[in-house]
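Please put together the full structure from these sequences, using the hints given.
Protein sequences appear in the order of chains C and X.
Residue numbering for the first sequence follows the numbering used here, starting at 1280 and increasing by one per position.
Residue numbering for the second sequence follows the numbering used here, starting at 12 and increasing by one per position.
Simulated from the structure, these hints should not be mistaken for lab results.
Just so you know, these numbers come straight off a predicted model, no measurement behind them.
Just to be clear, a hint being listed does not mean it is correct.
To be verified - Subject to a maximum C-alpha distance of 25 Å in a straight line, what follows is the list of computed BS3-like cross-link-like pairs (lysine-lysine):
| hint | chain 1 | residue 1 | chain 2 | residue 2 |
| --- | --- | --- | --- | --- |
| 1 | X | K42 | X | K70 |
| 2 | C | K1335 | X | K70 |
| 3 | X | K42 | C | K1335 |
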Amino acid sequence: MNCQEINRILDSNTAELLPVDQKKAIDHHFGSCPACREAWAAYREMSALQIPDTPKALRSRIAAALAPAETRAFNRSLIVGGALVVGAAVAATMALRIDDSAPEFSQNREDSAPITPSGPLAEHEVHPNSTNRVDYTPDNNGQSDSTSPHMAAPLDPNTVVVLLIPNRELSERRATLLDQFYMEILRHLQSVPGLNVIHPEHTAPFLASGTLEEEIARQLGAAHLVVLSTSSDPSLRLLITPVDVATGDATGSMGFAPPFDKRWPAELSSDAADVADFIKEGLTDLTPADRAAAIADARASVLNSSLPPGERVEALGKLPQTPEARTEDIVLAAVELATIAPNLRASIWRAMYGVDDPYLIDPLISSLNYDDAEHRRRAAATALATFVAEPRVKAALEQARSSDVSETVREAALHALSTVEERDQLALQALLDEKLPVRERLGATMLLEGRRVREVKLTAEAAQAVFDIGAGSTDADTRAMAWGKLGRSGVDNPNFKQALLDDLANHPNIEVRTMAAFALKHFSNESDVRIALEQAEDDRSFRVREAARIVLGNAQK
Amino acid sequence: MPNSDSGRFASLVEPHLDALFRAAFRLTRNKPDAEDLVQETCVRAYQRISTLDESGRVKAWLLRVLTNAFIDGARRAQRSPIMTLGDGTDCVASFPGTEPGPEESAAMSDREEQLQNAWSRLGRDQRALLALCAEGYGLSEIAEVIGVAEDALYARLYRARRSLARHLKDEGATESETRMGFSK
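As structure tokens, then:
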């Protein structure tokens, strides 16, 4: 029996009920598999720890806590006051997040646009890896015939399987929002050049067949697995668990409580990008040569008219947003695809965002004016922002802004009508405005950072303002937020270094230390910073250690 | 809330209080926090009593509230809505606690301390899973409590045990192999 079968027996039975042959099989397996043996032994030992009797006073304590309302409130706040204080902190966090998404500073609608079930990833001709060598069918009706996971076929280090564990208890609205969020994460993952993402759609049959999660990945030849699931907590916490398939170990775990009380919070897209980054950091280590080869492959696929449109559009989405990758022939192919596969237009327009080729203008205007689907019109409006200086583009956007039946399309048109300079100016004004709350000022940087919030640089002036806010704040939330912004800023002002070093070494807040580590990446070639980061690799927090490790690793590259 | 609700609630909870405390102690590994957790569970459950179908399984419902309260301890303590759970060390200072109380510390052997430390390093989700399992609940019950499909539990349990073993090893454990056994 393999590990999977042995552990299934262990979890499903008690020793008294096990037939002798199964007991022998387990002993035999333990004899040859230290991982299973040690895991089971540790669990048994933990289980055997003594548990005291229920304290007698507990009953009366609970009774007091559940006394009639007026006294109950007092008792509860007295006894679980700590929890209430923390609850208030969470409320403050939510307030911060709402500040961050203040309408005037909201992110580009392209990023914040919801992807509905009928949206891009549900445009079913787009199947990640539809040319993949993998047969998306469970072996033996989902049961592996491998004798041991360690004897499985070689796993592709550039392939990740994404599993989505459905939670049937969610309300329809929350389930829809959750789907949108997951689709955003997938979209970010799929845009990583060279990374093959096997979509949950392909893995659902495996789950239905009862195949173990790691086994699904093994059967699909993927070295990485990401499990997306939800807790049933009323506050709806998403759980994201990347797993190293070869070892079966989780490489981390992220819980996430999005502010789903809003319709589609603008910052959710940024959150999805963060989650995707968290996943990527744990699963991929593509070399530059890998990336170049992947980009070349993607270009060849886009230009190959014998391939199905879905595969070509998928390849289009994998091209980085650089002029070198999105050449004229790619633009021509994109327009051709938009004509022959109108149901894929939203994905195509997203892929063409920022491409300054006038050949795109007419198809985009046509899509904005005549496409039935709201998400396609919205994507067209967003992509037209690049050409807003053209009178006919401006006229089309103004028309959409005033008369499109969809609010989100109207918003996208309004956003597209403002120029980059206008938005930057507005954001910088807000960032430097000391009369505004600091969080609102930091929120303005989202606009300065632009659509690709992790890549575009802050100006030196903006970065200085962000630093001043962080350094001047005793509030850990604000400080961490500022350091996070600096980490993405690309600004290596030496005046920032000491404060970041101090926080990395001494700040009691994990988030502050983590963000300080990331912000120090700009100085990671300096010996004192390297020493500090190496010390941070021993930090008590997993997140800080990971941040330091990543920064040091990138510095070595 | 009228007193009749309070009475009804007491009669529903009382038979399960020991089970709640045992699960809470497994999760928190110390008495004061376990008591706090049970109380928090009862307060939460009381507030939601109207959603409980009395014919339903009260124990599973209460355990669910309890595990959610425990997991929430980490969530509430985090500034960011994004938090790392995998290592567990981020959660040590959050409510309810995961450190042994003075009483437990005094009585704790070196080996227990190693186990305690390894346990604290697990993610709260993993602790919830293993604690329920160690309490002897069946997979279908655990699935109901945790709110995930039963089939998904096998891999999670396996991962949780592997993580526990790894952390225990990190803590310098060398004896575990001699204590193995497969009975539950």
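Verification of the supplied hints:
1. Under the criterion of a C-alpha separation no larger than 25 Å, the hint pairing X:K42 with X:K70 is consistent with the structure, at around 21 Å.
2. Distance hint between C:K1335 and X:K70 is fulfilled; the C-alpha atoms sit about 20 Å from each other, no more than 25 Å.
3. A hinted pair counts as satisfied when its Cα atoms are at most 25 Å apart, and X:K42 with C:K1335 qualifies at roughly 12 Å.
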